[in-house]
Amino acid sequence: MTQEHVAAPEFDYGLFSYDSKEQMLDKSKEFWNPGKTQFWIDSGVPLVIDRREEYFIYDMSGKRLIDAHLNGGTYNLGHRNPEVVQAVTMAMQHFDIGNHHFPSLARTALAEALIKTAPAGLSKVIYGSGGGEAIDIALKTARHATQKRKIVSIIKAYHGHTGLAVGTGDDRFSKLFLSDRPEEFPHVPFNDLEAMEDALRGRDVAAVIMETIPATYGFPLPNPGYLEAVKVLCEKYDALYIADEVQTGLMRTGELWGITKHGITPDILVTGKGISGGLYPIAAVLATEKAAGWLNEDGFGHISTFGGAELGCIAALKTLEICSREETRSMVHYIADYVGKRLAEVQATYPDWFVGIRQNGVILGLEFAHPQGAKYVMRHLYENGVWAIFSTLDPRVLQYKPGILLKPEVAEEMLDRTELAIGKAYAEIRNERRS
Amino acid sequence: MSEMTYEPLMVEPAGVPRGRAMIERADWAARAYAKYDVATVNRIVDAAASALAARAQEFARDAVAETGFGVVEHKVLKNVACSTGIVDAYRGQDFVSPEIDDVNKIVAIPRPAGVVLALTPSTNPVATVSFKIILALMTRNAIIISPHPMAKKVCSAAAKAMAEAAVAAGAPDGIIQIVEDPSIPLINALMTDERTDVIVATGGSPVVRSAYRSGNPAIGVGPGNVPVLVDSTADIQKTAARIIESKAFDNSILCTNESVVIAEEAIADKLLSAFAREGAYVLKDEERDAIRNTVFPEGHFNIKMVGKDAVWIAEQAGLKVPAKTRVLVAPFDLVVPEEPFAHEKLCPVLGFVRVPTAERGIDIARAILRITGAGHSAAIHSANPDLIMKFSAAVPVLRVSVNVGNSLGASGIQTNLPTTMTIGTGFAGRSSVGENLQPKHLINYTRLAYNSDVREVMPAFAGLNPWVAPAGPVPAYPTASNDRNNAQVPAPIHREPISQDVAELRDEIRKLIVEELHALIKN
Ligand SMILES: Cc1ncc(COP(=O)(O)O)c(C=O)c1O
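Going line by line, the protein sequences match chains A and B.
For the first sequence, the working numbering gives the first residue as 1, with consecutive numbering after it.
For the second sequence, the working numbering gives the first residue as 436, with consecutive numbering after it.
Pulled out of the complex, with its shape left as it was, chain A reads as follows (with noise of 0.2 Å):
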């Protein structure tokens, strides 16, 4: 046998390995998905994250970027936060994703957790695997309660891509697959009363479901009592109110759940995303006794093998321990206080550029004057060491979400890069506009 001298190959991940980033691309084309790969390497952001730790990504070129898009907070406590780690390793030694047909150890305990820190009034919680799927099971849980069918929504709303929640989104992703079912879903204009008095007039709808602030729209504020309001009309009108709090949950408003700050208690409230410590896959519903009554009537009402996967929930409980801290807390307030403080200065240096800030808490939508504006903001802010994406369904629009445990010096480093990424995107467009 001869022993012949093989070069080892570039990027070796241990299981896998590959020669070279091109490679790697080619690849996912061939085997994954064609369409997104090209889209990125299009849209001048080609990367393959790699490295990750604290709110650092690394591209497979060794390019580092912070992170503040956080997968719509997924990573709110950073990449790979070494308390979550060590809690789910930990929970490794015992536990696995347990068996969804008994009473479980670990669902029972982040149950209690999450009722013990929710809004009063939630007093049961049924889980998914994702933010889609607990959707997809409040929706349910909603028609069953109320035994009505129609579901109202919010134009460009997004609340995933699951059999239900995808009618209660944007007809691009529903009348792709043949979904769309507006007959069930109607949809409705932000910030607008009288549209969704008229939808609820007809006492013909099980629920309204509310971003708390719309994310994938790019963050536009609900006007000052507008969700107030809309929870009197799901009163009036019996319908529930179902608070997506996917994006909002866990502290990125200054407070664990975003709707608290508007003092509404909703019927349901969904998490996912954060809740998982960016570790392990898990999402939650959490509904008041009124409306999870089919929980009594049949407990098998919906089954997930994989909902509420004990090493998930173990990663959940150590998630929500720490949004929870009274530290986590203050620091929320200080990053919101300071990048809001930044950013209002960049916006006075570019203002008939950057035209817009919507802020509350670290959950912040950068508005641009362009159609596109903020893809090429995203491309200058990749450039420049910053990871940030434009809102699929408003791209004038940023989204712009720091981590809540974000050290000052990050802070800073963020905002000069960023505002070097604002000035360039902007000199772009000039440029663009002129020739």
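Be aware that one or more of the hints could be misleading.
Stated by the list, open to error - A few chain B residues that don't get close to chain A, going by computed Cβ distances all over 10 Å:
1) SER532
2) ILE671
3) ASP704
4) GLU722
5) THR729
6) HIS735
7) PRO757
8) GLU870
9) ASP888
10) PHE896
11) GLY898
12) ALA911
13) SER916
Stated by the list, open to error - Pairs of lysine-lysine residues, derived as DSSO-like cross-links and limited to a Cα-Cα distance of at most 30 Å, are as follows:
14) A:LYS116 x B:LYS875
15) B:LYS470 x B:LYS540
16) B:LYS470 x A:LYS341
17) A:LYS156 x A:LYS63
18) B:LYS470 x B:LYS875
19) A:LYS407 x B:LYS470
20) B:LYS755 x B:LYS588
21) A:LYS290 x A:LYS236
22) B:LYS875 x A:LYS407
23) B:LYS759 x B:LYS739
24) A:LYS36 x A:LYS116
25) A:LYS290 x A:LYS116
26) A:LYS36 x A:LYS424
27) A:LYS236 x A:LYS116
28) B:LYS755 x B:LYS719
29) B:LYS719 x A:LYS407
30) B:LYS588 x A:LYS116
31) A:LYS140 x A:LYS124
If you're looking for bench data, these hints aren't it; they were derived computationally from the structure.
Just so it is clear, CB atoms sit at the ideal spot from N, CA and C, and this is done for glycine as well.
Add chain B with the ligand to chain A, keeping to what the hints say.
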């Protein structure tokens, strides 16, 4: 029955991550506070000090109850001295505004350390907590207190009272934090964290040494072991009163308490008689041996004796002494390391040796400090300036109390030294600070210096001040950006200096201290 089936992994003890979260919060708070102006800082300092002083009695009682050390009324005195007392002592001094030196064309801008980690002892729990908080607030630092586990409850209550008052007066959120459940791994994590800017360690030598080993800047102070020379020129009556009062103060748990009296033979008997009149009990040889065995079983100090009263200690040794006994005096011959009475005693047991001449007494004082206490403090009672000078030059300490009890003398309460709960022991005591800890130790200065060429003129800097009063709570409550006008911001913060009744209370308390000090001195 659940039995965990796994091998234990390397796990960080609970509490450590929480400690890190406190540092991160402190980091934000410190950055905000470092921009405050002097008027706001003064208001915050006053508010925090008054909050502590107003509950000085309660905290003194709780401290004694929790630790079992000391005397309530003496702790009240220290609590007041280390809160409003400290503030009054530094009133008018400014550790915030730029200092302009037109002659040398230099402007010095105070720059806080940032995050101060304070380790505080069980012996003077609340007073030290308060002292360090006040110093940190005066110098615009954030502070995290890690109290001695024996005193954690009362320290938490005290620190929280001060924190609430500080924030109500406009301080940044999280400017004062306290570790509620201190543990060795947690303290290590806090000490070695690179975001800790300076450690101020008061406690036993191991704590202080590990602070220095942490890799972070540290101000640590070593133990005392105070020799007291009394020569034949001293006023024996006054001297005896001062020594016994000081030794009895808080049952000797200040590190500045007298350890061994060195008496010139000519006045030794007279001094002992005077001690007895002041409420000391002079032990006979067998009694002394019994006390030695009880206070130093197997030659090591029994920590159960810390801060206990003299009668109780005598009882533990099987002795009956008069009920009014405040101090046990233990005469012995030889100051050597194997003699337990030559070591530090944080209880009202006072060593006593005779020397043929005052000069010989200086050698004995040096012998005591060779055992422990170098760099700390010594005392002398004498009318002879020549001897006082010789003594002070010869003994390796950084403060010598003259004709005053050392407990409150070296700590600046009965002398004009800076009032402190933290005695810098300098190079001799393996510390980076040789003075009594004071605000200046928690700041640096950025010095902007002009060209010394006379043709280069420094313009007027007077009136230029980079610091500003905060416009509202710090940080601002995160109200939605489209709702900032009618925002339901939590109740607006209190902006008056300090309210009337607090001011009255402070006067009351100030009177109280003065009276108590008078009483102390008169005795
Ligand atoms: C507000 C909101 N709800 C629900 C979802 C769906 O979550 P998932 O992608 O985990 O199905 C998302 C995902 O982006 C979301 O932003």
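Problem set entry | Verdict on HIS735 of chain B as a residue remote from chain A, using beta-carbon distances over 10 Å | Correct as stated: the minimum Cβ-Cβ distance to chain A is 40 Å, above 10 Å.
Exercise. Does PRO757 of chain B really sit off the interface, with its C-beta more than 10 Å from all C-beta atoms of chain A?
Worked result: Given a closest Cβ separation of 53 Å, the condition holds.
For this session: Below or equal to 30 Å on CA atoms is what counts here, so check LYS116 of chain A against LYS875 of chain B.
Result: violated, 47 Å
Exercise. Would the least Cβ to Cβ distance between GLU870 of chain B and chain A come out above 10 Å?
Worked result: holds, 32 Å
For this session: Hey, is ALA911 of chain B genuinely clear of chain A, shortest beta carbon separation above 10 Å?
Result: Violated, since 5 Å does not exceed 10 Å.
For this session: Could you grab the alpha-carbon distance between LYS470 of chain B and LYS875 of chain B and see if it respects the 30 Å cut-off?
Result: holds, 17 Å
Exercise. Keeping to a limit of 30 Å between CA atoms, is the pair of LYS36 of chain A and LYS116 of chain A held or broken?
Worked result: violated, 40 Å
Exercise. Is it the case that ASP704 of chain B keeps its Cβ farther than 10 Å from each residue Cβ in chain A?
Worked result: Given that every Cβ of chain A is farther than 10 Å from that of ASP704 of chain B, nearest at about 62 Å, it holds.
Problem set entry | Non-interface label on GLY898 of chain B, tested against every C-beta of chain A at 10 Å | holds, 26 Å
For this session: For the pair supplied as a hint, LYS290 of chain A and LYS116 of chain A, confirm whether the alpha-carbon distance does not exceed 30 Å.
Result: holds, 18 Å
For this session: Would you check whether the claim that PHE896 of chain B is not at the interface survives, using Cβ distances to chain A and the 10 Å cut-off?
Result: For PHE896 of chain B, whose nearest Cβ neighbour in chain A is about 26 Å away, the distance exceeds 10 Å, so it holds.
Exercise. Does LYS875 of chain B pair with LYS407 of chain A here, judged by a C-alpha cut-off of 30 Å?
Worked result: holds, 28 Å
Hints 12, 13, 14, 17, 20, 24 and 29 from the list above are not met by this structure, while the remaining hints are.
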